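Novice: Here the sequence shown stands for residues 146 to 455, where the numbers follow my numbering.
A portion of the hints provided could be inaccurate.
[Claimed, not checked] Cβ pair distances, simulated, as ranges:
| id | residue 1 | residue 2 | range |
| --- | --- | --- | --- |
| 1 | Asp-215 | Asp-359 | 45 to 53 Å |
| 2 | Glu-207 | Glu-170 | 24 to 32 Å |
| 3 | Pro-246 | Ala-348 | 49 to 57 Å |
| 4 | Phe-311 | Ala-348 | 35 to 43 Å |
| 5 | Ser-362 | Gly-196 | 40 to 48 Å |
| 6 | Asp-408 | Thr-232 | 21 to 29 Å |
| 7 | Pro-366 | Trp-406 | 23 to 31 Å |
| 8 | Val-227 | Arg-330 | 20 to 28 Å |
| 9 | Ala-338 | Glu-170 | 34 to 42 Å |
| 10 | Glu-204 | Pro-366 | 29 to 37 Å |
| 11 | Phe-311 | Arg-239 | 42 to 50 Å |
| 12 | Thr-357 | His-189 | 26 to 34 Å |
| 13 | Val-364 | Pro-217 | 30 to 38 Å |
Hints in this document: simulated from the structure, not taken from any laboratory.
Since we're looking at a predicted model, the values are computed, not measured.
Where a beta carbon is used, it is the ideal one built from N, C-alpha and C, also for glycine.
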Amino acid sequence: MHAVILGAGPAGMSCANALLSFGLEPVVIERAARVGGIQRGNFHPNLWMLGMPGETGREITERLAGHYQDLPLTTHLGAEVVAVTPTGDGFGLRLETPAGPAALQTPALVLATGMRPRSTPELERLRNTSPRVIVGPLSDAIRDSVRDSRVLILGGGDNALDHALFLAERGNRVTVCARGVLSARRQFVESCANRPGIDLRMACVPTGLIATADGISAVWPQVSEAYDWLLAMYGYLPNTDVLKAFSPEIRPRLTESGHVWVDSRHHTSVAGLYAAGDITECLQPSVPTAIAQGLATARSIERDQHSPSA
Numbered sequence: 146m147h148a149v150i151l152g153a154g155p156a157g158m159s160c161a162n163a164l165l166s167f168g169l170e171p172v173v174i175e176r177a178a179r180v181g182g183i184q185r186g187n188f189h190p191n192l193w194m195l196g197m198p199g200e201t202g203r204e205i206t207e208r209l210a211g212h213y214q215d216l217p218l219t220t221h222l223g224a225e226v227v228a229v230t231p232t233g234d235g236f237g238l239r240l241e242t243p244a245g246p247a248a249l250q251t252p253a254l255v256l257a258t259g260m261r262p263r264s265t266p267e268l269e270r271l272r273n274t275s276p277r278v279i280v281g282p283l284s285d286a287i288r289d290s291v292r293d294s295r296v297l298i299l300g301g302g303d304n305a306l307d308h309a310l311f312l313a314e315r316g317n318r319v320t321v322c323a324r325g326v327l328s329a330r331r332q333f334v335e336s337c338a339n340r341p342g343i344d345l346r347m348a349c350v351p352t353g354l355i356a357t358a359d360g361i362s363a364v365w366p367q368v369s370e371a372y373d374w375l376l377a378m379y380g381y382l383p384n385t386d387v388l389k390a391f392s393p394e395i396r397p398r399l400t401e402s403g404h405v406w407v408d409s410r411h412h413t414s415v416a417g418l419y420a421a422g423d424i425t426e427c428l429q430p431s432v433p434t435a436i437a438q439g440l441a442t443a444r445s446i447e448r449d450q451h452s453p454s455a
């Protein structure tokens with residue numbers, strides 16, 4: 146095989162498709178049971194994407210996945226990377242798959258594992274205790290179940306205020322609790338400030354969150370308030386946990402924000418190791434940028450493997 150890709154979101158699928166078109170043989174490893182990545186949970190229309198008016202992240206992903214699944218390549222679904230070690234001419238990978246252990250050898254390895262919603266140990270504990278705690282914006286419950294309720298949203302960015310507007314339109318009373326100042330775009334802040342049913346609070350950090358029989362109790366120094374739902378909108382983190390399986394000498398350099406550092410050709414700091422999509426530090430993380438980075442990474446691999454020094 147000419148390349149192994151970790152992750153089958155838009156960046157990984159795009160990279161695999163491009164590698165095939167360049168005459169190379171990719172193998173894709175995906176820890177989930179199906180391809181598509183985090184956008185499978187996005188029910189919001191992407192109004193700002195040219196050529197995709199009103200199409201949701203889920204609909205875009207289904208279209209991409211449909212194309213990908215017709216490609217003549219190998220995909221290991223439900224697979225965990227157990228170890229990645231350096232070899233004389235690339236990387237050796239050990240996997241745990243539904244069919245049992247597997248081993249792969251490749252001269253080129255691509256990190257395309259995307260991002261996940263940012264959480265905390267307390268939020269994870271609460272989420273495991275109560276179905277009324279939602280971490281991140283990608284939940285059908287937000288669309289289908291939160292109605293005529295009191296909702297506490299933790300966070301002050303675009304996702305937090307966008308969801309406050311979405312929920313207020315559905316008869317909910319929403320409190321937005323930002324740790325510092327509101328960092329959302331001005332139009333979101335102004336729309337929320339002028340919308341009945343939305344209470345914007347800055348420098349607002351609960352000292353405690355308690356799951357109750359019918360919701361969540363938020364505690365502050367002088368008062369506690371009861372809510373039917375808690376939404377945590379603290380942004381995203383790059384999915385770099387897979388790097389724990391890498392031998393220390395081939396762990397790539399990270400940026401200050403925790404993303405994988407890449408150069409203009411998507412090389413990481415480790416020879417033969419590439420990265421594409423939201424695991425890298427991108428000005429505007431999105432499906433189109435992930436697709437473009439996947440394509441660019443494939444071209445870089447093709448040029449590296451066909452250069453005189455390769």
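Novice: All the hints need checking, so say for each whether the structure fits it.
Specialist: Hint by hint, here is what the structure shows:
Against the hinted window of 45 to 53 Å, the Cβ-Cβ separation of Asp-215 and Asp-359 comes to about 47 Å, which satisfies the hint. One distance hint, 24 to 32 Å for the beta-carbon pair Glu-207 and Glu-170, holds here, with the actual separation near 26 Å. Under the hint 49 to 57 Å, the C-beta atoms of Pro-246 and Ala-348, about 51 Å apart, fit the expected range. The given range of 35 to 43 Å is broken by Phe-311 and Ala-348, whose C-beta atoms sit roughly 24 Å from each other.
Between Ser-362 and Gly-196 the beta carbons are some 46 Å apart, a value that agrees with the proposed interval 40 to 48 Å. Between Asp-408 and Thr-232 the CB atoms are about 23 Å apart, so this pair conforms to the stated range of 21 to 29 Å. Roughly 41 Å separates the CB atoms of Pro-366 and Trp-406, a value that falls outside the hinted 23 to 31 Å. Taking the beta carbon of each, Val-227 and Arg-330 are about 42 Å apart, not inside 20 to 28 Å as hinted.
Separated by about 55 Å at the C-beta atoms, Ala-338 and Glu-170 break the suggested range of 34 to 42 Å. Checked against the given bound of 29 to 37 Å, the beta carbons of Glu-204 and Pro-366, roughly 45 Å apart, lie outside it. Restraint check, Phe-311 to Arg-239: a C-beta distance of roughly 44 Å satisfies the suggested window 42 to 50 Å. Evaluation of the 26 to 34 Å hint for Thr-357 and His-189 yields a pass: the beta carbon distance comes to about 29 Å.
Range check, Val-364 to Pro-217: Cβ separation about 57 Å, and the 30 to 38 Å hint is violated.
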